[in-house]
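Engineer: The residues making up each chain are set out below.
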Amino acid sequence: MKKIASGRNLSIACIAIAAMALLAVAGWSVFHSVARRGPFEPQQVSLEKQDDWQAFGGTWQSAGGVMQNNSDERGAKLMSGPTYWTNYSIEADVLLLGQYGDAGVILRSTDEEEGVDAYHGYMAGLRDLDNTLILGRADYGWREYAAKPVAPRVYAQQWYHVKFLAYGCDFAVSATATSGQTTIVAVEDPDCLPAGRFGLKSYNTGAEWKNIEIRPATRQDLVAMTGGVRPPIAAPVQLPTGAEPGSYDKYFEPLHRDLLAHRADVNAQPISALRLLSPDIPASVTVHGVVTLTSPVLFVQDSTGGLAIPESHTHAPLQIGDEIEAKGNAELHDFSSQLRDADVRLLWSHTPVPPVAVTAAQAATGAFDAEYVEIEGRLAQKSEGPKHTLVLTLDDGSQSFLAIVSETGQAMRLHHLKERSRLRLRGICVVDPAYTHDLTSFALLLPSFNDVEVVEGPPWWNAGHIAALIIGVLLLALAGLSCYTLIERWRMQAVLEERGRLAHEMHDTLAQSFAGLGFQLEAIRDEASEGQNIVPQLDVALDMVRNSHEEARRSIAMLRPEHLESMGLLRAVEYCTRRMVNGASSIAVRIFSEGGERAIPLRISDTLMRIGQEAVANAVRHAHPAHINISLGYQQGSVVMIVEDDGCGFSASGDLAGFGISGMHKRADSIGAAFAIRSAPGAGTTVRVQAPTPPSFLLTIRRRIPLLWRKQSDGNAGR
Amino acid sequence: MRWAMFSVTFGKKKPWPHRRLSAFLLLLAMLAGTGCRRALPVIAVIPRTCGTALWEPEHAGAAAVARERRLNIYWNAPMRDDDIQSQIALIDQSLKRGYAGIIVSPIETLPMRTPIRRVLARGVPTVVVGTELGIAPEPHLAYVLSDERAAGEMAARRIGAILRGNGTIAILGINPQLMSNVVRERSLETTLAREFPGVRVAARQFGLSSVPQEQQAAEELLAKGVKIDAIVALSLASTRGAYYALVEFGKDGIIKLVGFDQDLIPPIRTGGIDSVVAQDTFEMGRLAMDQIDRELHGKGGATELLVPPVLMTRENVDSAQIRQILNLAWWPPQ
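From first to last, the protein sequence lines are chains F and C.
Take the first sequence: its letters are residues 132 to 850, numbered as in this note's numbering.
Take the second sequence: its letters are residues 99 to 432, numbered as in this note's numbering.
For the record, the hints were derived by calculation from the structure and aren't laboratory data.
Incorrect hints may have been included.
[To be verified] Footprint (simulated), chain C over chain F, 3 or more residues, beta carbon under 8 Å: (1) 201–212; (2) 244–252; (3) 461–474.
[Said to hold, decoys possible] Here are a few chain C residues that sit away from chain F, every Cβ distance over 10 Å (derived from the structure): (4) Pro139; (5) Asp190; (6) Thr212; (7) Arg256; (8) Arg298; (9) Arg302; (10) Val345; (11) Gln432.
[Claimed, not checked] Label pairs and their computed distance ranges (CB to CB): (12) His387/F x Ala187/C: 33 to 39 Å; (13) Ala187/C x Pro589/F: 30 to 36 Å; (14) Ala187/C x Pro427/F: 47 to 53 Å; (15) Glu287/C x Gly516/F: 28 to 34 Å; (16) Arg211/C x Gly358/F: 57 to 63 Å; (17) Ile272/C x Gly516/F: 46 to 52 Å.
Computed from a predicted model, the values in this text were never measured in an experiment.
Don't be surprised by glycine CBs; every beta carbon is placed ideally from N, CA and C.
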């Protein structure tokens, strides 16, 4: 029964928590939407603000209003926009760079990751493999809803205007060729994704996008695209491309285009063999190699060596790692060759060459001319080079060399490199005087900023740091000296204040008593010389000595805190009070305590002790009470001490200078305590002090730390 | 106790930055959700790559079982089928996300051993699909393999039948980095030597990482003028590369091509590719997810399941069996 009840309670609690959480999320969503969502206006998407885009695969770059992905990865994505957009369209001019792939736009996308179909969203675009306009949905897996032949057809390297619209669960895409012919596909996805951001995507080919625009979509916009025809319910295809019977004709041509794109000259020569050609006979040669540098000069490399191609005709933008075939005229140089008037064709991508790790001494021999190498060196200086380049001068052993990198893009970060840092650089080793200016034996042409790695920073011990250290030490010493002086001054001031207080105390008590005693002794001397009876005078003098002795004892007792530490506040007050009233048997002292007695910081308990002593002393001296009641109340966050007597009391308008009231008040102020005196002639006096106390755990820690420290010290001493 | 802590924190007067508040609310909602109803366990299914005729059926097979057994699938893979580092990163990411099980089809054998050991050390049920790793099956590790020995025999017998027991062949796409490839290669050669001694292997070439490279390798072979009656291509990329080279040299259909791993379907219909030894990745995905489910219910064990391959030819390419092998439908029936 109990279990059932607890289970029910748990369920109710869970439902309540879930409801609260949902309410909170809903509330936050509303707040968020109000706070962040501005009106959804049509907008031309900026390609220049790199921060607005998030890439998932691919090698993206924008220039001249065109966003380009040069990678033929399968499923490169570039995403932007908020995830709460629902009904909108994305338009863009799209160009496929290569064959056998597709490229287009994404909308209503969320949860993107790197991966072929790693997102939740809709994609529409052009596929040149089977010459179709495609529309489908990705949920970490692709569902192709439609693939409609494009009129006239999908050509690589041609622009098409693609518009993809989502309204409710209806989706429509149109592709317009430069000829003006438009192909439209529309579907309804009943279980549609409601919202998401937009993006660009390519599959198995590089592509370009420009004139990207986002607009809010209405039903009228949808009708304008579909002509009012209700889109069919989306039904994904269930077999891979080309698996349907009768599909051979449809796919044969793209297959042939694909194979021709990759067809290579089987008579290509090894790059190192070019250096052995006759220097006097012009030779037209074909080489195969992997691109190792694209700017300022195209460099390629095969397993035998590297080659520069200063003037080339390329059919598509080249990337580092592309395997190319180059046909041109070989030009022989001392250590390597160059290819002039070369016709360069991309064979395939993604075969980057790893750099060869060499020392500067090895590179200085020229044996690695035109090859991709990795070298370490210490940065000696940085300077601006020609054509917006940054030139780094490095030393390694007995050799110096230059590293040249373009200043465009992130290379600006190289300006922050510190001299004397040890760097690891990857680049093309060249001995051409055009780069070395005959100042060094070789230079490195760096492909990008990413090819510079700081192995270790500059040595710490340099003149600037040493000077800074000395100044720092001096400043520290000066600050220490100032602190010491200040503390000494405070200590001295405290000593002087204490001395002043003692002086006042002695002046008020012992000095006056001694003065009175002196007068009394003078009177005795005078009366003794006159032969009068001096016994009464001696009695008075003895009384005065006794009183002075009492005063001195009281003062000494007030200066000794050890009672307080050993007895606790209540007992210490009681002890002092009983000593003060000692001899005055007519005064009854009663002590009370309320609340659990607990530890109080010494500063607070000492101050309360002094105030209590003063109050008791005043009562004993001036009020002649029959009873003195002292109570301590331990409350939450404070302690209250009340000293009350049933003596003669006093009037507030009377002279209070001798009662030490201002001293008690100051002492209370010093610990932030509330201080109050209530008295009236004939009605006794009540002194009340309420002091705040810190939380008990803090006090425990504060007390334990010295104890531990003491134990530790004792332990060490014991060893 | 946990709720008390949150309520105290929530009661602070200082305003939080929006993002933190948002994250907190999301966490609150998640905690409420998890407290009241358990989320379905997620199984990561990581093939060599996605979006291909070879591996998408594995998604369909795994998803069919996952729907029955109330499991969720995280399906993702490297964008290239030679990107072993990305595949290892996906495995590590699956571990970090606390997925309940991992099904992986390794791109290479040796580099995958340490990541799989790491997964097993965390007690996560794992099924390796498609190739042996050299780690013996154990309580949390099972294998679902295409029977590569049978596949090699199948290819050898097809070659023997085509050449009527006599002729020269080239073997392309040999890949020592993948144990399944090695097994199929050895089985092919053993069977040829045993059953068709008249068939001579004139050339052997290592596999390369992409179709264009395979195409170039095949072109170079054909350009040498070596007399070849048939080619056996041991991988998807080498099959496509060899087909392209044959078309380029006008030898498609003349030099017979027996490939491995389903990819190009139309040339099978025309005879440009004689046949392809297909892996039944749909069945492999189905069995792998079933094995994970058994592990999750404590019924698993050291298991190695073999799925028979199927020879895809012009005659059977439209059969129900082949259509089931090529089935892409990973989504729920509509």
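Engineer: Any hints from earlier that this structure breaks? Give me their numbers in increasing order, please.
Structural biologist: Those not satisfied are hints 3, 10, 11, 14 and 15.
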